[in-house]
Each structure stands twice: as structure tokens, then as C-alpha cells.
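Construct the complete structure from the given sequences, taking the supplied hints into account.
Number of protein chains: 4
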Amino acid sequence: MSFFGEKIKLTVFGESHGEAVGAVLCGVPAGCKIDMDKVLVQIARRAPGRDKTATPRLEKDFPEVKSGILNGVTTGAPIACVIENTNTKSKDYNNLLSVPRPGHSDYTAYVKYGGNNDIRGGGHFSGRLTAPIVFAGAILRQILEEKGIKIAAHISSIGSVEDSPFNPVSIDDSLINELSNSSFALIDKSKESEMRAEVESARFDLDSIGGTVECAVVGMPAGVGGPLFEGIEGKLASALFGIPAVKGVEFGNGFNCAKLRGSENNDAFYYEDKKVLTETNNSGGILGGISSGMPIVFKTAFKPTPSIAKPQKSVDLSKGTDTTLEIKGRHDPCIVPRAVAVVEAVAAIAIFDLLS
Amino acid sequence: MSFFGEKIKLTVFGESHGEAVGAVLCGVPAGCKIDMDKVLVQIARRAPGRDKTATPRLEKDFPEVKSGILNGVTTGAPIACVIENTNTKSKDYNNLLSVPRPGHSDYTAYVKYGGNNDIRGGGHFSGRLTAPIVFAGAILRQILEEKGIKIAAHISSIGSVEDSPFNPVSIDDSLINELSNSSFALIDKSKESEMRAEVESARFDLDSIGGTVECAVVGMPAGVGGPLFEGIEGKLASALFGIPAVKGVEFGNGFNCAKLRGSENNDAFYYEDKKVLTETNNSGGILGGISSGMPIVFKTAFKPTPSIAKPQKSVDLSKGTDTTLEIKGRHDPCIVPRAVAVVEAVAAIAIFDLLS
Amino acid sequence: MSFFGEKIKLTVFGESHGEAVGAVLCGVPAGCKIDMDKVLVQIARRAPGRDKTATPRLEKDFPEVKSGILNGVTTGAPIACVIENTNTKSKDYNNLLSVPRPGHSDYTAYVKYGGNNDIRGGGHFSGRLTAPIVFAGAILRQILEEKGIKIAAHISSIGSVEDSPFNPVSIDDSLINELSNSSFALIDKSKESEMRAEVESARFDLDSIGGTVECAVVGMPAGVGGPLFEGIEGKLASALFGIPAVKGVEFGNGFNCAKLRGSENNDAFYYEDKKVLTETNNSGGILGGISSGMPIVFKTAFKPTPSIAKPQKSVDLSKGTDTTLEIKGRHDPCIVPRAVAVVEAVAAIAIFDLLS
Amino acid sequence: MSFFGEKIKLTVFGESHGEAVGAVLCGVPAGCKIDMDKVLVQIARRAPGRDKTATPRLEKDFPEVKSGILNGVTTGAPIACVIENTNTKSKDYNNLLSVPRPGHSDYTAYVKYGGNNDIRGGGHFSGRLTAPIVFAGAILRQILEEKGIKIAAHISSIGSVEDSPFNPVSIDDSLINELSNSSFALIDKSKESEMRAEVESARFDLDSIGGTVECAVVGMPAGVGGPLFEGIEGKLASALFGIPAVKGVEFGNGFNCAKLRGSENNDAFYYEDKKVLTETNNSGGILGGISSGMPIVFKTAFKPTPSIAKPQKSVDLSKGTDTTLEIKGRHDPCIVPRAVAVVEAVAAIAIFDLLS
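Protein chains in written order, with the working numbering: chain A, 1 to 356; chain B, 1 to 356; chain C, 1 to 356; chain D, 1 to 356.
Mixed in with the good hints there might be a few duds.
Chain copies aren't distinguished; within one or between two, either way the pair holds.
Straight-line C-alpha distance at most 27 Å; calculated DSS-like pairs for lysine-lysine [to be verified]: (1) K147 / K274; (2) K328 / K310; (3) K60 / K38; (4) K7 / K147; (5) K147 / K38.
Hints are computed from structural coordinates only; laboratory data are not their basis.
Here it is, written out as C-alpha cells:
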């Protein structure tokens with residue numbers, strides 16, 4: 001199912017080169033004000049080829065709201081949006097049907113759907129499907145913000161170039177606001193040129209490069225989530241792994257905690273203004289699957305875009321032979337900058353579901 | 001919900017110092033033969049204080065099957081099991097109610113349940129709840145094995161000591177069989193003494209130590225899973241993060257792929273005996289959320305046990321003041337060896353659900 | 001949630017006087033041929049003001065398929081359809097916001113959504129939402145027919161005029177085909193004029209009239225469904241009560257069985273051509289929640305349309321006073337003839353979910 | 001799945017002649033006081049052979065609570081209960097495996113489970129499985145009562161003998177209390193002897209008799225439920241049809257509304273003490289799938305017990321021939337009096353889920 005949620009239900013539809021992509025979001029309460037310009041800002045952050053500009057009015061990738069919002073207020077009915085596919089040149093994807101791209105879903109989708117899936121542009125597996133996800137997240141994060149919950153992410157690394165991490169015990173509102181509106185979101189902006197060089201170098205080599213995105217949810221009340229399969233980590237991870245190209249998710253100090261002793265990893269409690277806080281936040285704001293009231297912090301790993309122009313070994317499924325594949329067309333050498341908005345959107349959706 | 005699954009439904013119940021823990025497993029087909037001795041082997045692998053022996057007949061932690069299995073064959077009705085809590089000395093956990101253990105669920109559970117949760121031994125948050133999970137996994141993995149799907153995990157690291165990894169393109173059946181019956185599962189057995197020394201050193205210091213578990217699913221047919229929120233990664237991760245103490249999950253080369261270029265990370269396809277294989281398996285056997293037919297390989301990070309004997313800073317919730325906590329009683333300085341059986345069980349449950 | 005299904009997931013969206021209504025259907029297998037003309041026939045059967053004609057090409061209520069079907073074959077991706085709302089005169093529904101129509105959802109929706117719901121034309125509660133449901137059913141019934149499962153319903157009664165019932169032990173294929181394409185579906189066609197007179201009489205009196213629809217599912221294999229909450233009756237009923245105006249559902253001889261003795265009600269088994277059949281079919285083809293292989297037969301009761309032109313007592317919510325309401329505009333005096341296609345569609349959806 | 005609920009999750013397990021039956025109930029909030037004596041009263045109402053007495057302490061059918069309740073208060077963890085099967089004489093059910101009882105699940109379960117199901121006493125299809133359902137309902141109705149929501153049902157009819165119906169616009173608290181504690185629940189008690197005679201007459205004839213149960217939910221706030229598949233009717237019906245032997249469910253005037261005109265069926269609104277009420281309650285307290293604040297009233301039809309001592313025609317599945325079956329053993333000639341407590345329990349579960 002292209003489908004997420006228990007209390008809210010998000011259904012995502014569409015194929016990259018079909019008529020449209022879109023989303024239906026059920027379970028949003030009535031009476032919430034939605035600022036469509038803020039939605040467009042998020043859509044623009046994810047849109048291709050735009051990372052230097054941030055015009056809110058983006059004519060392509062325009063989400064037509066078909067129901068659920070009337071005069072800027074939610075009606076309680078499902079919120080449906082359709083984003084027409086306009087920029088779909090009729091390239092010949094036919095050879096991809098028989099020669100699957102390494103690292104891509106071509107082969108596995110071929111097996112699962114018996115060759116009936118829409119292969120053009122990756123079909124329903126395309127990164128384009130994250131556009132309606134960003135739409136849904138952009139709706140829900142506005143409602144979360146009314147409750148004092150804000151979400152921001154940044155490019156934590158591209159290849160070997162790393163941004164500074166969040167300070168997990170204290171994240172400024174101004175940083176949250178800045179990152180969550182940025183098209184190349186960095187905490188240490190001095191790293192931008194180095195990161196862009198890393199991407200350009202990959203592009204020059206007809207190659208691509210991976211990276212990581214770190215995300216923080218600030219203002220989360222303590223006591224949300226639950227034990228075992230009800231935990232925040234499981235809920236967030238099941239959503240985050242729904243983003244194409246994500247191969248790892250960790251909370252707090254994550255894989256690093258496996259090298260530590262309890263006395264190093266435990267976060268000491270203390271009181272401040274009658275509120276219970278922790279001196280460190282190695283847990284990423286989650287203990288026993290339940291929020292502690294500290295910022296929820298997690299990181300996701302994105303693999304390098306599999307579609308590269310370099311010749312690659314593959315197979316020809318129609319002939320049953322080994323072959324070499326050269327992929328034509330323009331492909332993102334690094335999706336990480338655009339993925340920041342997607343991670344935030346997915347976090348908003350999962351957090352909203354937890355709170356409903 | 002202490003609850004997992006879409007096609008199968010696993011419900012886990014119980015509290016550490018209550019009457020019993022247990023599980024109900026719905027959706028298991030009728031007519032499957034279940035070898036109860038094999039179930040007991042798995043229960044024993046997870047049981048406390050047993051890592052040097054592996055007697056299958058373990059009188060404590062004995063799972064009483066209340067329904068769903070008749071004469072060693074599944075009936076199609078829900079499989080219910082109850083594991084009585086026998087070894088529950090009536091310790092005084094009362095002070096934990098007001099002084100939460102750092103790194104533990106005490107504080108967050110207190111907030112969520114308003115102090116009504118059973119705090120004794122961690123209550124429903126206790127690692128003891130993994131016993132019924134191992135029971136459920138031990139049932140389902142037998143049915144998976146009938147379909148040629150086998151699951152094994154090993155201690156990938158404890159602190160700074162690392163085991164050798166799986167060779168992700170080729171995993172021997174004999175290795176799978178050995179690991180999945182072992183109580184201290186290692187690929188490179190020469191690391192055992194070093195790892196035990198790491199644990200003993202932590203224990204000596206009244207401390208604990210974390211680690212990682214790597215798991216492989218072999219024999220998975222290609223074409224299982226799906227795009228977006230239907231993917232194998234999301235399904236497995238949502239289950240794995242349900243294990244207490246797990247803070248990170250990665251598939252294939254995971255976080256490492258974020259540093260690579262596409263040409264390094266993509267797994268080249270080739271034919272062998274008319275079957276499509278990949279030369280490497282950086283994807284961990286999953287492309288576009290769907291199995292490729294290669295082994296599914298993933299790693300989980302376990303934080304160090306939060307219950308340590310060293311004095312720690314905490315708060316007294318009843319007084320609203322900072323305080324120091326000294327935890328009494330015997331606690332595992334490292335849960336990773338026992339967690340291996342739990343990771344395998346959870347993988348079996350998630351994979352079974354995907355295949356149903 | 002405007003949402004149905006476990007294995008398949010149907011989400012219905014839209015508001016009567018909003019931009020569009022539509023549906024997203026997840027979980028339909030890839031590779032199924034879909035004849036869009038057959039879909040249009042079903043859409044036409046449900047469409048307003050058309051019961052004497054049956055032109056398949058209906059320009060209004062045209063379902064635009066946005067994804068999931070390529071060249072007439074399902075791709076495995078979610079099937080999304082949008083039906084634009086064209087015929088929505090900008091009537092003044094404002095007074096309905098404060099004066100709720102008796103028997104309608106106006107008052108209860110007002111309470112639930114705090115007055116934010118789209119009241120125009122009933123909004124998301126409108127019978128218009130059954131158009132996308134018919135679309136979804138029209139897709140799924142084609143796939144069911146490939147498996148030999150056919151569904152047909154008829155107007156069982158309007159007011160006091162009754163059609164002949166199905167012979168529940170033997171239903172001709174030709175009858176099934178005829179009914180499932182008819183716009184005024186009757187087994188005993190001689191009753192049509194009497195029924196139409198009943199409707200006209202109600203219309204003449206500025207009133208409306210209720211009725212019942214009986215439905216049969218033929219070709220259902222034995223062994224589908226399950227005990228307790230997994231039963232066919234529960235699954236079908238939860239779907240059927242999703243149709244606006246349905247107030248009762250019964251299977252087989254239904255409420256009548258409550259008056260019988262076991263010896264009268266039990267259906268005797270016998271062999272015919274090595275197949276187990278029953279001499280009668282009082283059970284409606286369902287024993288213990290599981291299909292017996294006999295036709296599944298059930299009946300649904302539709303209340304009379306609540307929107308009548310006669311003056312009615314109501315309240316003015318804005319003033320907190322009793323008042324009298326006169327509803328303007330043209331309203332169906334009887335929805336039962338059009339509801340036949342909706343019952344069939346809903347049955348197709350629920351049966352498909354059971355079989356998946 | 002022997003499984004119900006969205007916000008709460010009820011799993012029922014066990015087989016009639018296995019070790020035990022039981023239930024696990026997830027999603028019950030922490031901090032709710034549970035009076036176990038009240039639970040036992042409900043268990044006793046459903047227990048076999050007890051309709052003249054109502055001793056709360058019933059030693060057989062004693063529900064052992066294994067988790068989720070500590071010192072009479074819910075902990076927030078799943079509530080698990082086990083009811084051991086003590087009174088299971090080792091009858092020979094072997095011939096039932098090959099000769100299915102007409103009207104019973106024997107044949108359909110045989111097909112579904114390939115003969116692996118536990119046939120003894122009906123296995124997982126037995127009415128005995130309603131004991132844990134009554135347990136779950138008895139927990140939840142206590143929490144509902146704290147919110148002012150009360151539930152009661154009565155024997156609406158047995159065979160041709162009818163009790164007086166509820167007055168659907170006004171149901172006394174004292175009537176609710178009396179019925180919901182009664183073991184032969186009637187509004188017009190003068191009908192008891194006639195009803196008992198109807199049952200005795202059936203028993204004398206080695207036969208059984210069906211009946212109906214009418215149920216009311218009083219104190220339900222307006223605004224609960226939702227449109228389409230989110231409606232109260234669908235939710236309640238899917239639960240009610242989970243009770244073995246239920247073949248029909250109707251809300252308000254149900255099937256009778258199909259014979260009426262809108263002007264007769266619509267419930268006029270009026271104000272009383274600033275509250276919106278309806279003069280009649282033909283809708284059964286539900287409009288557009290949402291509660292109106294009036295009592296929710298519905299009726300369920302129970303078929304006559306299929307296990308009758310009279311010789312019946314059946315088939316011998318092992319021989320492939322027609323045969324005659326004579327069922328030995330003592331069977332209830334009418335389950336309707338005991339079913340009253342089950343209907344109330346199921347209503348409590350569904351209503352609780354709707355309100356969560």
C-alpha cells in the first residue's frame with residue numbers, strides 16, 4: 001500500500017510519467033486554518049532544479065486541492081490534492097524494461113508486477129511521489145505549529161563533507177524557522193561551497209553522491225508514544241524508510257551509542273523551572289518509545305542516486321544475457337538538498353499520527 | 001498498542017513482575033507442523049543467565065500454549081501462549097516511582113500513564129516482554145523454513161570489539177544453522193574472549209556496554225515488499241525498533257552508503273544459472289522497498305543497559321528536587337548476546353507478515 | 001476515515017459542491033485488464049435522472065483515471081480517479097447551516113465538525129460520494145468475474161411493493177448479467193409500473209419513499225472468511241452501512257430466522273457431482289462467518305430520502321429556537337433504483353478484500 | 001483474525017475443548033478503576049445453565065487477569081485474561097469431522113482449515129468464545145459508565161413471542177440498570193413464562209428456536225462517528241456480526257423504515273432545556289453515521305441453535321456420500337437469553353473504540 005498511518009491515513013498515488021501524482025489525507029480535524037502559501041514554499045523546496053531560489057508561487061508542481069479545505073479552513077472531510085505531471089517528455093524508457101538500472105527498483109518492480117508496472121521515469125517508485133508527501137506534511141506541520149511543535153532538518157553530510165550537528169538539548173526557534181524554509185539547509189553555512197563542490201565533482205564524473213539528513217522535532221510534549229511496537233522510533237522509522245533512497249535511520253546518538261557505556265550514554269535528569277530536563281540528549285528525546293519532552297532528534301542515510309551516466313554492468317531480461325547499460329537523460333547527482341523538505345514532511349506526518 | 005502486523009497480528013502482553021507475560025498470534029495458517037523443542041531452544045537463547053549452556057528444556061520461561069496448536073499442528077485459530085512470571089522477588093521498587101532511572105522508561109511512562117503503570121521491574125517496558133516475542137518468532141520461522149527462508153543473526157560488536165560481518169552475497173546454510181542455535185553467536189569465534197572481557201570490564205566498573213547485531217534473511221524470493229510505505233525496510237524497522245534499547249537500524253551498507261558515489265554503491269546485475277544476481281549487495285537485498293532475491297542484511301544498534309549500579313544524577317518527582325540514584329539488584333551489563341535471538345524473532349515476524 | 005479495507009484500501013474523497021469527488025484504490029494486483037466502458041455502465045446506473053436510458057458514454061460524472069491503469073491494464077500502483085463536480089448551481093445552502101434537515105446529517109455533522117464542514121449539497125455526506133465507490137466497485141468486479149465471481153442486486157421493494165426474491169440455491173447467470181446492467185433492476189419486471197407509481201405518488205405528495213435491495217454473490221468459493229470478527233457478514237455489513245441511508249442488513253433469511261426452529265432453518269447438506277451443496281440456503285451462503293460455496297445472499301434496508309419538500313419541524317441552531325423548515329430544490333423521491341448499483345459495488349469491494 | 005478495533009484492539013483466543021479461552025485488550029487508558037465483581041456478574045449472565053440464579057462469584061468461567069490491572073486499576077498495559085476450560089468431557093467428536101452439522105461451521109471450517117481445525121465443541125467457532133468477549137465488554141462498560149454512557153439489552157423476541165420494545169426517545173436509568181444485570185432480561189416481565197414455554201416446547205421436540213435482542217446505548221454524546229465507512233452503524237454491525245449466530249442487524253426502525261415515507265420516518269428536531277432533541281427516534285440515534293445525542297437503539301437477529309437432536313440430512317465427507325446425522329449431547333435449545341450479555345459487551349467494545 002502506498003499508504004501510511006493509523007489515526008490519520010495518507011494515501012499517495014501517481015506515476016512519474018502518468019497523468020498526475022497526488023495524495024488523500026484522512027483524519028485531519030475540522031476547523032484548522034491552512035495557509036496555502038506556506039504549502040507552496042515546502043513544495044518549492046522539494047522541486048527539482050530550484051535550490052538557489054525560493055519563489056513561493058511555483059507554477060509547475062502546483063497542488064490542486066480537490067476537497068477538504070474550504071475558504072482556507074479544513075472541513076473534516078479527506079483532503080485530496082492532485083499535482084498534474086506536465087514536464088514529462090516522451091523519452092524512450094522501453095529499454096529499461098529489459099535492462100534494469102543497478103541500484104534502482106527496475107528489476108524488483110519487474111518481478112513483483114510481472115512487467116505491468118509503468119516503468120517510465122520510475123513510475124510509482126519515482127522520487128516524484130515525494131511531492132504529494134511534502135504536500136501532506138506541509139498541511140500537518142501547520143497544525144502542529146499551532147500546538148507549539150516545530151520541525152526542521154538540515155543536510156548533515158554530503159559524501160565526506162559534514163555540517164555541524166544540532167545541539168540536541170537546546171535548539172533555537174530562529175534556527176528551526178530558518179532551516180525549515182531554506183532550499184540548501186545548513187547549520188554551518190560555511191560548508192555550502194564545499195558541499196556543492198562535492199556534488200559538482202560527482203556530476204563531472206558522470207556519477208552521483210549520497211548523504212545524510214538530520215532532523216529535529218522541537219516542542220514535543222512528554223508522554224507521547226508507547227512501549228514495544230507502539231514506540232516513536234518504530235513509527236518514525238516506518239515512515240522515513242518510505243522515502244526512496246533511505247537506507248538507515250538512527251535516533252539520538254544512534255549507532256554511536258553501541259560503543260558507549262551506560263554511564264556515558266544515560267542522560268541525567270535535572271529540574272529547571274519545575275520542568276524535568278536531561279543534561280544530555282543521547283536518547284534523541286525518546287525513552288521506552290515515549291517522548292521525554294526534550295527535542296526528538298534523528299538522522300537518515302540517503303544512498304547516492306542510482307541513475308548515473310557512467311556505463312554499468314546489468315542484464316538484459318528479455319534475452320537472459322549480461323549486458324552494459326548507459327543511462328541517458330539528466331539526473332540529479334545528489335538528492336540530499338531536496339530530501340531535507342521530504343524528511344521534515346514525513347516527520348510531520350508521523351508525529352501528527354502519534355499525537356492524534 | 002503492544003501490537004504488530006497487518007496480515008498476521010501479534011499482541012504481546014504482561015508486566016515484568018505481574019502474573020505472566022504472553023503473546024497471541026493471529027493469522028497463522030492451519031496445518032503447519034510446529035516443533036516445540038525448537039521453540040524452547042529459541043526461548044533458552046534469550047533467557048537470562050544462560051549464555052554458556054543451551055539445554056532445550058528450560059523449566060522457567062516455559063511457554064504454555066493455550067490454543068491454536070493441536071497435536072503439534074496449527075489449527076488456524078489464534079496461537080496463544082502464557083509464560084508465568086516465577087522468579088519475581090518482591091523487591092522494593094517504590095523509590096523508582098519517584099526517582100526515575102536515567103536512560104530508562106521510568107520517567108516517560110510516569111508521564112504517559114500518570115503513575116498508574118506497573119513500575120516493578122520495568123513493567124510492560126521490561127526486556128522480559130521479548131520472551132513472548134521470541135516465542136512468536138520461533139513459531140513463524142519454522143513455517144518460513146518450510147518455504148526455504150532462514151534467518152540468523154550474530155553479535156556484530158560489543159563496545160569497540162567487532163565480529164566479522166556477513167558476506168552479503170553468499171551466506172552458507174551451515175553458518176545460518178549454527179548462528180541461529182548459538183547462545184553467543186559469532187562469525188569469528190576468536191572474538192568471544194575479547195567481547196566477554198569487554199562485558200566483564202563494564203560489570204567490574206558497575207557499568208554496562210552497548211553493541212550491534214547484524215542479521216541476515218536468506219532464501220527470500222525476489223518481488224516481495226513494495227514502494228513507499230509498503231517497503232521491506234519500513235516494515236522491518238518498525239518491528240526492530242519495537243525491541244527495547246534499539247536506537248538505530250540500517251540495511252545493506254546503511255549509513256556508509258551516504259559517503260559513497262553511485263558507481264561504488266550500485267550493485268551490478270549478472271546472470272548465473274538463469275538467475276539474476278548482483279555482484280555486490282550494498283542494497284542489503286532490497287531495491288525500491290522490494291526484495292531482490294539476494295540475502296536481506298541489516299544491522300541494529302543497541303544502547304548500553306541503562307540500569308547501572310554507579311550512582312547517577314536524577315530527580316525526585318515526588319519532591320520536585322534533584323537527587324542521586326543508586327540502583328540496587330543484579331542487572332545485565334550487556335544485553336547484546338541475548339538480543340541476537342530477539343532480532344531473529346522480530347525479523348521472522350516482519351518477514352512472515354510481508355509474505356502473507 | 002472515508003476509508004475501507006484491510007488487504008485493499010479504498011479512500012473516497014470529495015464534497016458534493018466542491019471541486020470534485022474521487023477515489024484511490026490501493027492493493028489491486030498488476031496485470032488485470034480493465035474495460036473502461038464497463039466502468040461507465042456502472043457509473044451511469046448510479047447517475048441521477050437516468051433510469052430509463054443506459055448510454056454507456058456519460059459525459060457528466062466522467063471518472064478521470066489519474067494513475068494505476070496503463071493501456072487498459074492495472075500497473076500495481078494505486079488506482080486514482082477524479083470525478084469533477086460540474087452541475088453545482090450556486091444555491092444558497094446558508095440557511096441549512098442553522099436549520100438542520102430532519103433525518104439528514106446536517107445536525108450531527110454540525111456538532112462533529114463545529115460548523116466547519118461543507119454544508120452545500122450535504123458535503124462529504126452526500127450520496128454523490130457513492131459515485132467514486134461505484135467506480136472502485138466497477139474495477140474490482142471485473143477482476144472478480146475473471147475468477148468466476150459475479151454480483152447482482154435488484155430492487156427488492158419500494159414502499160409496500162415487493163419484487164420476487166432470488167432463489168437462493170440457484171441463480172442463473174443470465175439473470176445476474178441482466179440485473180447487473182439494468183437501470184431499474186427487477187426479477188419480476190411486471191412490478192415496475194407499480195413501483196414507479198409508488199414513487200410518483202410520494203413525489204406528488206412532496207414526500208419520499210424507502211425500499212430494500214437484495215444482492216447475490218454467485219461463484220464464491222467455499223472456505224473464505226473466518227470466525228468471530230473475521231466473518232463475511234461483519235465485513236460486508238461494515239461496508240454496506242457505509243452507504244448513506246442504509247439502516248438494516250440481513251443475510252439469508254435474516255430477521256426471519258429468529259422466528260424459526262433449528263429444524264426449519266438448518267440447510268441440509270447433500271452431494272451433487274461430488275460437490276457439497278445445501279438443499280435450502282437460509283444461511284445466505286455463510287456458516288460460521290465462512291462461505292459455504294452456495295450463493296451469498298443479503299438484503300439492505302434504505303430509509304426514505306430525508307430531503308422532502310413538505311414543511312417540517314426543526315430548530316434554528318443560531319437562535320436556539322424551534323422553527324419550521326421548507327426545503328427547496330429538486331430531490332430524488334426514492335434513491336432505491338440508483339442504490340442497486342451502489343450495493344453491488346460495495347459488495348464487490350468487500351468480497352475482493354476478503355479474497356485478497 | 002479473531003480481532004476487533006482500531007483505537008482499541010481486542011484479540012480473542014481459545015478453542016472450546018482446548019486448554020483455555022481468553023482475550024487481550026490493548027488501548028485501555030491507565031488509571032481506570034475496575035470492579036472485578038461487576039465483571040463476574042456479566043460473565044455469569046452469559047454462562048451456561050444459569051439463567052435462574054445470578055450469584056456473582058462463579059467459580060467456573062473464572063477470568064484470570066494476567067496483566068494490565070494492578071490493585072483494581074488499569075496500568076495502561078494490555079489487559080490479558082485467561083479462562084481455563086474445565087468442563088470439557090472427552091466426548092467423541094471424531095464423526096463430526098467427516099459428517100458436518102447442518103447450519104454449523106463444521107463444513108466451512110473444514111474447507112478453510114483443511115481439516116486441521118479443532119473440531120471438538122466447535123473449536124474456535126464455539127459460542128464459548130463469547131466469554132472473553134463479555135470479559136472485555138465488562139471492563140470497557142465500566143469506563144463508559146464513568147462518562148455517563150450506559151448500555152442495556154433485552155430479549156426482544158423468542159420465536160413468535162415478543163417483548164415490548166424500548167421507548168427510543170426516553171429510556172429510564174432504572175430500566176437500564178435492571179436489564180443490564182438480569183439473566184432473563186425483559187422489559188415486559190409478564191412475557192417470561194410464555195417465552196420459557198416456547199423454549200421448552202422446542203427442547204421437547206429435540207429442536208431449537210431463534211430470537212432477537214434489542215439493545216440501547218444511553219448517554220452517548222452527539223457528534224461521534226462519521227460519514228461513509230466511518231459511521232457508527234458500520235462499526236457496530238461489524239462487531240455484532242462477530243457474535244456467532246447473528247444473521248441480521250438493524251438500527252432504529254431498521255427494515256421497517258423501508259416501507260415508510262420521509263414525512264413518517266424523519267425525526268423532527270426541537271429544543272428542550274437548550275438541548276436539541278428529536279420527537280421520535282426512528283434513526284436509532286444515528287444520522288449520517290454520527291450520533292445525534294438520542295439513545296442509540298439497534299436490534300440483532302439470532303438464528304436457532306443449529307445443534308439439534310433431531311435426525312438431519314448431511315454428507316459424509318470421508319466417503320463422499322449423503323448420510324443422516326444424529327447429534328448427541330446436551331445443547332442449548334435457545335441461546336437468546338444468554339446472548340443479551342454478549343450483545344451488550346460487543347456494543348460496549350464498539351462504542352469504546354468509536355470514542356477513543
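Violated constraints from the hint list, given by number and in increasing order: The structure conflicts with no hint, since it agrees with every one listed earlier.
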